[in-house]
Every structure is written in structure tokens, then in C-alpha cells.
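K.L.:
One line per chain: the protein sequences are A and B, in this order.
For the first sequence, position 185 (counting from the first letter as 1) is numbered 185 according to the working numbering, and the numbering increases by one without interruption.
For the second sequence, position 64 (counting from the first letter as 1) is numbered 64 according to the working numbering, and the numbering increases by one without interruption.
Treat the hints as calculated values from the structure; they're not laboratory data.
The C-beta atom is built at its ideal place from N, Cα and C for all residues, glycine as well.
Some clues are possibly wrong.
From the derived model, a few chain B residues whose C-beta atoms are all more than 12 Å from chain A [said to hold, decoys possible]: (1) Ser3; (2) Arg20; (3) Glu21; (4) Asp35; (5) Glu49; (6) Pro55; (7) Glu73.
27 Å max Cα-Cα, derived DSSO-like pairs, lysine-lysine [as the list claims (entries may be wrong)]: (8) B:Lys33 - B:Lys61; (9) B:Lys63 - A:Lys174; (10) A:Lys104 - B:Lys9; (11) B:Lys9 - A:Lys68; (12) B:Lys79 - A:Lys68; (13) B:Lys80 - B:Lys9; (14) B:Lys61 - A:Lys104; (15) B:Lys63 - A:Lys104; (16) A:Lys144 - A:Lys208; (17) B:Lys80 - A:Lys104; (18) B:Lys63 - B:Lys9; (19) A:Lys104 - B:Lys79.
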Amino acid sequence: MLRGKVALVTGSSRGIGRAIALRLAQEGADVVVNYFRRREAAEQTARDIEKLGVNAMVIRANVGDTDKLNEMFDTIASSFGRLDIFVNNAASGLPRSALDLDAKGWGWTMDINARAFLLGAQRAAGLMEGRGGKMVAITSLGSKLMWPGYIAVGVSKATLEALMHYLAVELAPKDICVNAVSGSFVNTEAGLIYAEGGGEVGEDAPWKTTPAGRMVSPEDIAGVVAFLCSSDAFMIRGQIVTIDGGFSLAALSPKDKGGEK
Amino acid sequence: MASAEETIKDIIVKIVHCDREILTPEATFQDMKADSLDMVQVLVALEDEFGIEIPDEEAQKFKNFGDFVSFVEARVAEKK
């Protein structure tokens with residue numbers, strides 16, 4: 001489906017980003033694996049990608065650092081000369097309440113989670129010039145639903161979603177499709193830190209299930225990203241596809257279904 | 001050329017905004033009033049400055065300024 005395409009997945013050493021990188025590779029794309037702190041994990045992702053018969057390149061960059069972000073795109077430009085798919089996945093944030101979040105934590109989170117998408121999309125659009133391409137931003141339900149300690153990330157994701165809408169319209173004439181994928185609690189190392197920070201842990205914690213009967217997996221997200229990167233999704237522009245097993249629609253915990261007590 | 005210790009002090013003072021005088025080998029992160037975000041930025045700055053890698057697992061073992069200096073000096077020596 002994506003044979004011959006070049007994809008960049010930011011923050012793809014582990015978790016959702018790794019699953020997306022592997023899925024795009026499985027579909028035939030060569031993948032640039034970006035990481036910040038986990039080199040060994042990134043190199044493992046790259047090895048797993050190469051086992052699928054496509055090329056992988058590992059680039060370290062804190063996407064919240066404009067110089068490093070630009071260096072990463074410079075490397076992609078000199079190595080591949082183009083980019084077909086840009087998945088903005090890298091995210092960071094401090095678990096703080098509204099009254100405890102300081103300017104430094106706000107700036108750090110916004111730079112990595114939101115500004116990097118704007119600046120990355122600008123560079124990616126240049127590498128897609130004349131041929132079109134796909135951009136997918138990974139967001140979360142925390143942009144609209146409040147979770148303890150999630151304010152910095154939640155607000156940055158709301159910004160990311162607004163950016164995605166603007167980019168979708170502005171880049172549409174260039175045949176660049178821009179969309180977002182949003183998940184509820186995803187079963188990753190980072191997801192669990194925030195979920196458990198909400199104070200409810202253990203097998204019965206409400207975030208551990210959905211009306212669909214289980215948590216969202218990184219592979220659930222990756223499958224939809226791959227679809228949005230396919231030619232079948234050409235006319236889907238500026239949409240947020242929610243993958244939450246019905247979590248955000250259920251007024252009661254799935255465990256309280258049908259009034260059974 | 002500045003010693004590794006002096007360069008590390010430069011980096012910490014710039015990022016954490018603490019007084020240079022408090023950076024004795026025994027100075028803890030609490031003494032520096034450094035939070036987890038500061039520490040990530042210090043680690044990355046040290047990695048870039050010295051061309052070394054400081055895995056998070058190693059950094060979590062650092063208890064004070066002296067641990068930073070020892071680790072960086074050891075990694076720099078390994079490179080030579």
C-alpha cells in the first residue's frame with residue numbers, strides 16, 4: 001500500500017510511535033525513526049523495521065528544539081530528497097495541576113507537542129512539494145476531557161488539533177492530506193503514568209476498559225494512521241479520528257452497564 | 001581549556017539558574033532547586049557538549065553534583 005514512500009514518525013522509539021513506524025514499514029514505507037532519550041529502543045525499532053524488508057534511519061532530535069528539528073529535516077532532505085508521510089507523534093509533558101504548572105513546564109510541553117507540528121509541517125510540506133503527501137498528528141481525548149495532572153498535555157493537544165485544521169485547509173491545494181488520530185488511554189509506558197496519576201489504579205480502574213471491552217493498543221492507533229496515509233483516504237481532510245472503544249461516549253463506566261449492580 | 005567540572009557548572013547554572021557557589025560535589029538536586037525538566041535539559045546539554053551519552057537509567061542513579069562530574073569524566077576518558 002505504501003511501497004516506495006518515505007515516512008517520518010517522530011517519537012518512534014517506543015509506544016504508539018513505534019507501532020506506527022512498524023505498521024508503515026509493514027505497508028512498504030521506508031521509515032525515519034526519530035527519538036530523543038531512548039537510543040537503544042530506537043535502534044531496536046529500526047532493526048525491526050529492516051526485518052520487514054524496507055529501509056530505516058534513526059535520527060535523534062528533541063523536536064521541541066527548533067535547531068534540532070531543522071537538522072532532522074535537513075538530514076532527511078539530504079538522504080532521501082523527499083518525504084511522503086509525516087506522523088507527528090512525539091509528546092512530552094509534566095504531570096501538574098493547573099495551579100502547579102509553571103511557565104517552564106508550559107513552554108516545554110507546548111514546544112514539543114504543538115509547535116513542533118507547525119514547524120515540522122512547514123519543513124515536511126517543502127519535501128512534499130509537487131507530489132503531495134500525508135500528515136497525521138497524534139492527539140488525545142485530553143484535549144477535551146479533563147484528567148488530573150494532564151492540563152499541560154491536554155492544552156497542547158487542543159492546540160495541535162487546531163493547527164491540524166488550519167494545515168488541512170492551507171495544504172489541501174498541494175494534495176497534502178492532514179488529519180489527526182485521537183486515542184483514549186493507550187496501553188503504553190507514558191499512558192499508564194498519566195492514567196495512574198489520576199489516582200485510580202488496579203484491575204478495576206475505570207480507564208482500564210472501554211465499552212469495547214479493553215484498553216486501546218498502540219496497534220489500534222497504528223492501523224488507522226496507515227489507512228489515513230493510504231490513497232483511499234485522499235478526500236479525508238482535517239478530521240480527528242477517535243479510537244477509544246466508545247470510552248468518550250459512555251456516560252457510565254463500562255463496568256456499570258445496563259443498571260446492573 | 002576549562003576542566004570538565006567547570007564546563008558542567010556552566011551548563012547547570014545556565015539551565016537551572018542556581019548560584020555557582022553551591023555546586024560542591026555534595027550538592028544535591030534539591031540544593032540546586034532543580035526539577036525533572038531541568039535535569040533532562042542538563043543531561044542533553046552535557047551529551048551535546050561532551051559528545052557522550054548519558055542513559056536515563058544511569059542518570060537516575062546520580063545523587064549529587066559529584067556524581068555528574070564523575071560520570072562525565074569517565075565517559076570522556078573512555079572516548080580518548
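K.L.:
Run every hint past the structure and note whether it holds.
P.N.:
Hints and how they fare:
no.	hint	result
1	Ser3	holds (27 Å)
2	Arg20	holds (20 Å)
3	Glu21	holds (23 Å)
4	Asp35	violated (8 Å)
5	Glu49	holds (14 Å)
6	Pro55	violated (8 Å)
7	Glu73	holds (21 Å)
8	B:Lys33 - B:Lys61	holds (18 Å)
9	B:Lys63 - A:Lys174	violated (53 Å)
10	A:Lys104 - B:Lys9	holds (21 Å)
11	B:Lys9 - A:Lys68	holds (23 Å)
12	B:Lys79 - A:Lys68	holds (24 Å)
13	B:Lys80 - B:Lys9	holds (22 Å)
14	B:Lys61 - A:Lys104	holds (25 Å)
15	B:Lys63 - A:Lys104	holds (23 Å)
16	A:Lys144 - A:Lys208	holds (19 Å)
17	B:Lys80 - A:Lys104	violated (37 Å)
18	B:Lys63 - B:Lys9	holds (16 Å)
19	A:Lys104 - B:Lys79	violated (34 Å)
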